[in-house]
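Please assemble the complex out of the two chains, which come individually in their own frames, going by the hints.
The listed protein sequences derive, respectively, from chains U and X. Just so it is clear: in the first sequence, position 98 is 98 by the working numbering, and no numbers are missing. Heads up: take any position in the second sequence, counting from 1, add 1000, and you land on the working numbering.
The set of hints was computed from the structure by calculation and includes no laboratory data. Ideal Cβ positions, reconstructed from N, Cα and C, are used throughout, including at glycine. Be careful, since some hints might not be right.
Said to hold, decoys possible - Short derived list, chain U residues pointing at chain X, Cβ under 7 Å:
no. : residue
1   : M56
2   : V116
3   : W135
Claimed, not checked - Anything over 10 Å on all C-beta distances counts as not near chain U; from chain X, calculated:
no. : residue
4   : S1010
5   : L1022
6   : E1026
7   : A1028
8   : A1039
9   : S1044
10  : L1056
11  : R1064
12  : S1067
13  : P1075
14  : A1078
15  : G1080
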Amino acid sequence: MSVRTAIVRRAIDVAALLAEVENTANGATLVFLGQVREVNDGRAVTGIEYSAYGEMAERELAAIASECAAKFGIANLAVEHRLGALELGDASIAIVVAHTHRGQAYEASRFVIEEVKRRLPIFKREGYVDGTSEWVNASGIAQQSAAPEHRT
Amino acid sequence: MTVTALLFASYAEALGSERVNLALSEPATVRDIVEQLRALPGGSALPVSPLVAVNLTYASADQRVESGDEVAIIPPVAGG
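The shape of chain X in the complex, shown without the other chains (with noise of 0.2 Å):
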């Protein structure tokens, strides 16, 4: 399946793109997309375990992803 990976601020720029499209073998978790992530050039620029949302949810390594949902690869926060 095909997964589309946002990302933002920092992280965009380390990977030169806001959005990256993966090919994911099935089952895959928030973990495995990551992962793939930092194995593209910049990729290092992310950790090992960022903060990432599902679906415009906070979501654990752990959480399956379907195809078709929003993956968001979240910098460190910084509102307020």
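Bound conformation, chain U alone (with noise of 0.2 Å):
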């Protein structure tokens, strides 16, 4: 079994995560990329700068796994997410995850970025090519009545 999650301050390395989840046992590898996109809500984006609060971002991301692999029987698993400035379609995050069937890995990527979305406490910056950049308030969970069905 192969569980690993990272927050990190590099260029994702999508090779080394497919070497990491390869297993004969399975019949299906997917790898998952969020990359950074030139239009978000109609404006015209430049990049992206990546902050977190690292110590439970990394807690809240092997959870997170740990979650999927218990939920789906999945052995082999590997999850990047990147902080610091990214540029035009650079990967912020990698989910790469194999399993001996195609159904339960298209089903614990799914499961993997939307509880990313939804409870890491990753915060971004987006910049415009207008010289202008804002705090983006993305779709996860904002108030603390949300808070409590979230834990762990």
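Structure (structure tokens):
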């Protein structure tokens, strides 16, 4: 079994993650990349600066991976989330999952990204072509009232 | 007792600091900490019920806070 997560400050090496989950027991391997796109909410984007509550983000990402492994019977999973200044096209997150069958692999990959968006304490500041930048309020939890159900 | 609140991203910018030491009378809750922060210059940028973590775990407004706890006020998360 190989389940590993990391918050990194360097480019994500997808080939390395693929090698990490390689196992001849598996019949399906999926790679999900979250990338910086050139337009958000109608505004032309130049890049995104990611920051985090580092210690908690590491812990929460590890918890998400553990939950995923238990829920879908995943034995091979590698997830990295990148922080720092990212340019257009750069991968901010990579989720590489391998399973005996494709169904669980797809579900597991989806589970990880949705949980990341919901509860990982990572923040992003988007830069725009007009020289301005703004903190992005994404779709994750934002209020205390929602917090207890997200405890693990 | 004294509790240090950690601030991030837009909240840290609004209050001009990533750490704020607060003097609290016991017993104190997460809600008390948020109220004190909101009374500081720039504190109105915080919602009445922001996301809060105590010792690295998401906490409700009613959760008790002890001296030495790490209390983090977390802006809307935007990972992925």
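Discussion item. Please verify that the nearest CB of chain U lies beyond 10 Å from S1010(X)'s CB.
Written reply: Given that some Cβ of chain U is not farther than 10 Å from that of S1010(X), nearest at about 4 Å, it is violated.
Worksheet item: Does the claim that A1039(X) lies outside the interface with chain U hold up, using a Cβ gap greater than 10 Å?
Response: With a cut-off of 10 Å, A1039(X) remains clear of chain U, as the shortest Cβ separation is near 18 Å.
Fill in: Interface hint for W135(U), Cβ within 7 Å of any Cβ on chain X
holds, 4 Å
Worksheet item: Can we confirm that no CB of chain U comes within 10 Å of the CB of L1056(X)?
Response: violated, 5 Å
Worksheet item: Holds or violated: is there a CB of chain X closer than 7 Å to the CB of M56(U)?
Response: Since the shortest Cβ distance to chain X is 5 Å, the answer is holds.
Practice prompt. Verify the interface restraint on V116(U): the C-beta must sit less than 7 Å from at least one C-beta of chain X.
Written response: Because about 5 Å separates V116(U) from the closest Cβ in chain X, which is inside the 7 Å limit, the hint holds.
Worksheet item: P1075(X) clear of chain U by more than 10 Å, beta carbon to beta carbon?
Response: Non-interface label fails for P1075(X): nearest chain U Cβ at 6 Å, not farther than 10 Å.
Practice prompt. Against chain U, does A1078(X) hold up as non-interface, every C-beta pair farther apart than 10 Å?
Written response: violated, 4 Å
Fill in: Assertion that G1080(X) lies farther than 10 Å from chain U (Cβ)
violated, 5 Å
Fill in: Exclusion check [R1064(X) not at the chain U interface, CB over 10 Å]
holds, 14 Å
Worksheet item: Far enough from chain U: is every CB of that chain over 10 Å from the CB of L1022(X)?
Response: Check passes; 17 Å lies beyond 10 Å.
Worksheet item: Against chain U, does S1044(X) keep a CB gap of more than 10 Å to every residue?
Response: Non-interface label on S1044(X) holds, nearest chain U Cβ at 16 Å vs cutoff 10 Å.
Hint violations for this structure: numbers 4, 10, 13, 14, 15, all remaining hints satisfied.
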